[in-house]
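Engineer: Modelling step: build the complete structure from the supplied sequences, incorporating the hints.
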Amino acid sequence: MSKQSKAKRDKRRKLQPKRPINRLNAQQPVQNHAVLTNEEGQVVAAIGLQGTEWLLAIGGQTMGNADNPVPMLAMLKHLSNVQEKEGRKVTLEYSTQLQQLIDDLAADEGKTADEYLAQLVSEFEGVEEAEGEEGDDAETADASTEDAPADDKADAAPASDDKPQA
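Residue numbers (this note's numbering): 12 to 177.
Hint data in this document are derived by calculation from the structure and do not stem from the laboratory. Fair warning: there could be bad hints in the mix.
[To be verified] Straight-line distance between alpha carbons at most 25 Å, and here's what the computed BS3-like set of lysine-lysine pairs gives:
hint : residue 1 : residue 2
1    : K88       : K100
2    : K19       : K29
3    : K25       : K14
4    : K122      : K88
5    : K29       : K17
[Claimed, not checked] Have a look at the derived ranges for each label pair, beta carbon to beta carbon:
hint : residue 1 : residue 2 : range
6    : G71       : T102      : 55 to 61 Å
7    : Q39       : E136      : 31 to 37 Å
8    : Q42       : E134      : 25 to 31 Å
9    : L116      : Q27       : 49 to 55 Å
10   : K122      : V93       : 20 to 26 Å
11   : Q15       : G75       : 54 to 60 Å
We treat Cβ as the ideally placed atom computed from N, Cα and C, and that holds for glycine.
Structural biologist: Structure, rendered in structure tokens:
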């Protein structure tokens with residue numbers, strides 16, 4: 012190597028046009044297909060399509076992705092129902108493309124789109140109730156295990172104070 016090779020290389024690099032930074036998926040913008048908004052108009056959650064992948068975003072963070080957006084839509088519909096039960100007004104709007112996908116899946120099962128979506132939403136409600144029951148059982152089990160060691164310690168303390176008499 013010559014002593015000037017670094018200088019020549021640096022000069023050549025300065026003369027070359029600047030290259031843009033290529034970001035992952037920069038050429039594929041996310042298209043919103045379902046948006047859950049609150050009464051102030053803020054987006055609570057959304058489902059978008061990026062290329063061929065469906066993305067679920069909640070609170071501005073991407074929470075997951077899938078090939079089929081229908082379970083994610085059912086989850087948003089369930090979230091909407093929960094928010095309304097708590098007295099908050101939310102609206103769920105989705106695209107005609109997503110509606111067509113639901114219509115096709117519902118037709119395959121011989122149901123209307125509303126019946127099909129209601130069935131999927133009810134599955135989420137069943138999971139929530141089961142978790143609530145398990146949580147109650149877990150709390151009861153935790154309470155009983157917390158009490159048990161305390162009782163063992165109380166029983167063990169007097170036994171150690173008893174000394175054999177000679």
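Engineer: If a hint holds in the structure, say so; if it does not, say that too.
Structural biologist: Results for each hint:
{"no.": "1", "hint": "K88 - K100", "result": "holds (13 Å)"}
{"no.": "2", "hint": "K19 - K29", "result": "holds (18 Å)"}
{"no.": "3", "hint": "K25 - K14", "result": "holds (19 Å)"}
{"no.": "4", "hint": "K122 - K88", "result": "holds (18 Å)"}
{"no.": "5", "hint": "K29 - K17", "result": "holds (19 Å)"}
{"no.": "6", "hint": "G71 - T102: 55 to 61 Å", "result": "violated (18 Å)"}
{"no.": "7", "hint": "Q39 - E136: 31 to 37 Å", "result": "holds (35 Å)"}
{"no.": "8", "hint": "Q42 - E134: 25 to 31 Å", "result": "holds (27 Å)"}
{"no.": "9", "hint": "L116 - Q27: 49 to 55 Å", "result": "holds (52 Å)"}
{"no.": "10", "hint": "K122 - V93: 20 to 26 Å", "result": "holds (23 Å)"}
{"no.": "11", "hint": "Q15 - G75: 54 to 60 Å", "result": "holds (55 Å)"}
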